[in-house]
Each structure stands twice: as structure tokens, then as C-alpha cells.
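Enquirer: Sequence:
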Amino acid sequence: MPPPEPGSGPSGTPDIPESPAEVIVTTRFPVSEPESTPDLPAETDRPPGPGPSDPADEITLAGFRPPAAGVYPGFHPRAEIDDSPREPAYWPADEVANVPPGGSFPGSAAQTAWRVPPPPRNRIKAILLNLGDLPVNVVYGVGAAILTVIAVILIFAVFSGDEPQQPVGLAPRSQAPASPLPTPTPTAVVSLPPVPAGRLLITLPGKGTEITGVVSDTKARVAYPRLGEPWATASAVPPFTAVQRVDAADDPPTLIASRLFPGAAPKSLATDADLRKAAASLARWVVRNHHPPGSTLAWTASERLGTGRGWVLGFRVTYRLADGVRHTSEAAVAVVDAGRARPGMLMVTIPDSRKELWRDLNTVVWNARSF
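The opening residue of the sequence shown carries number 256 in our numbering; numbering runs sequentially from there.
Since the hints were derived computationally from the structure, they do not count as laboratory data. Quantities reported herein were computed from a predicted structural model and do not represent experimental measurements. Virtual Cβ for every residue (Gly too), placed ideally from N, Cα, C. No false leads were mixed into what you were given.
Distance ranges between label pairs, derived from CB positions:
1. E465 with K522: 37 to 45 Å
2. T403 with K474: 55 to 63 Å
3. A520 with N544: 16 to 24 Å
4. P547 with A489: 15 to 23 Å
5. V444 with E465: 36 to 44 Å
6. S446 with K522: 17 to 25 Å
7. K522 with G483: 33 to 41 Å
8. V407 with A596: 49 to 57 Å
9. D527 with G483: 33 to 41 Å
10. T458 with R575: 21 to 29 Å
11. A503 with R575: 21 to 29 Å
12. P494 with I405: 53 to 61 Å
Using 30 Å as the maximum straight-line C-alpha spacing, the simulated BS3-like pairs for lysine-lysine come out as follows:
13. K610 with K462
14. K522 with K474
15. K532 with K474
16. K532 with K522
17. K610 with K532
Please put together the full structure from these sequences, using the hints given.
Expert: Here is the structure:
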């Protein structure tokens, strides 16, 4: 009988230690032979550093070489095998991402123990949980910015109703009109002779100026002829809304103008007497504001407006200029009732220095009408 092989019992069976706890597993992988032997890396491909001296005890997967430190990224070997049931450990996602596809690293626990925690369901809760990772100076900076915004909002809310007071000793600023209205200097009260109930306007001497168009004063609601040269239409001569004049330097003026009734509106325009009274007040206003002081007048006409409702008064104004020479002006006024609270007015005044234009007074007054 041949001698028994080392490590074998008398019956040819392997020696078994007396205590089962001392059983040593010498086979790390299945004993059955694989169909093909995996290619092992060359000796020169091994990384430097400490490791097992026996090549049979070291297996390196193709494409996954251990780093110089001998530990894979994310590799967390278990110190010992513990079969007791426990909750699986959770590891960060960046470590799990390093696990090779299809399994776990050599010598590591099963990949089922490396699970990524699900994202929090509550987004606000997740933000609050991450606040602890922020630096203290960032938290203080954000808090200070929020407090500043709240303070600014409160200041505007409290003081928004306050208005700046007028500084002491300064009068409030008044806005000047866009175009100041020159007001003629009033003279002494003009005394008027009794107004005739009816007197037709005579034809004045002169050739007469050609009519070139129609002036329609929409404010005064009065229309009358537009005359050619030497008359010129002035764009704006306050307080009138439509003006024709020969020379602005004339004193007294050579003027055809219209506007709303100046001063207080007449109380009534129901009768011819009411219309004459309103026309007389217009004549007094023209003499006082557009002729030299001390002027007197004499009536030359008193008749109804040719077209529409109104009254015409003609008069001759007498005055003396600075040289002491006596002069006269032919003038006329018309009150034009267009059915509104304040009637319109039309005036014509031509001094004797322009007596060749006196006939134009007839042309304007005879063709004036309301609209």
C-alpha cells in the first residue's frame, strides 16, 4: 500500500480540522474550469506599490486597474463577512458612478448595497437642507440684502404721502403764460352821446381795397372780408383772435379785428335796444383802449347787422396827438349774436393819416355776418 498523501487521512479523505470554525476556504472562485482562461496582464503592467507576492492570489479585471494606492475610487471593502440582516448602506452618487458596469469591484460587497438616495420630494426642504453647506459670510450677505430691501420699501411707504413744503421767505412760483397779452393803458372814462335808434352808414370816401378772401373767426363766430395790400393778416395780436392791419407803427392803429365780447357778457340780447346797448359798450371800449387820451366820439351810423342777428354802430373819433394837431379816425363796431352766452365783436378803425382806406370800413361792415 502506498503511503498516504500529505494532508489525507487513513482512508484517503482530506484532513478535516476538529473545529468547523477553523475551515479555511482556499478556493475564491468556482472550481470548474472556464472555457477560456482570461488574459492576465503582463508583469510590467502591474502598478507599483504593495500587493500580494503570489500572482495566483491577485486578479485584475481588464480595463480596471487599481490606482497607485491600491484602492479603486468608490471601493469600500467590508472588514469581515457579516451575515446578519441589516439596512443597506447609502453612498454618494459620485462614488457609485465609479462602479464598473455589470457588477461590483473585486473583493467588494455586492453592488446592491450601494444605492443612491432618492431626491427629496419637497424642493423647499431640499433647499433648506443645503443651507447648512453655505459659508457664513454668504448667509450674512443675503440676509443683509433682504433687510435693506425691506427697509427701503418701508421708507417709501411711510413717506410717499409727504409733499415738500415751500421754503420760508420764498413766494410760490407762478408759471408765466406762453405769450403774455399786452393790455392797453386805459384812459379816463369816455362819455357817450345818446345812441340813435337807427341811422344808416354812409359811404365813406376812398377807392376801396380788393377783397382777397374771407376771415372766419371760429371763436367769435363772425365772418368778414379779407382785404389785399396794403392790409396784411397778423398771426396773433392779443387780445384779438383775428387781425388785419396796415402798419403796426400806426398810432392810433389802422386795424380790422375780431374777438369774443370783452368784459362781462351782456345780460340780454333779446331786443334791438339790448343789441344797441351792447354795441355802445363796445364803442366805449375801442375809444378808451385804442385811441389817445381825451378822445371824443360822434355817432355816424346805427343799424342792424346786414346778415344774421347783431347791431352796427359807426362813429368818428376826434383827438390830439403829441404835436397838438387835431386828428380824426373813422371807426365802427358790430356786436354779433351767434346764439351763445357771449357774443362776438368786430371793430374797424382807420385814422385820417390813412384816409384813402376809409372806404374799406364800408366793405367790411356791410359784408360781416354770423355763422
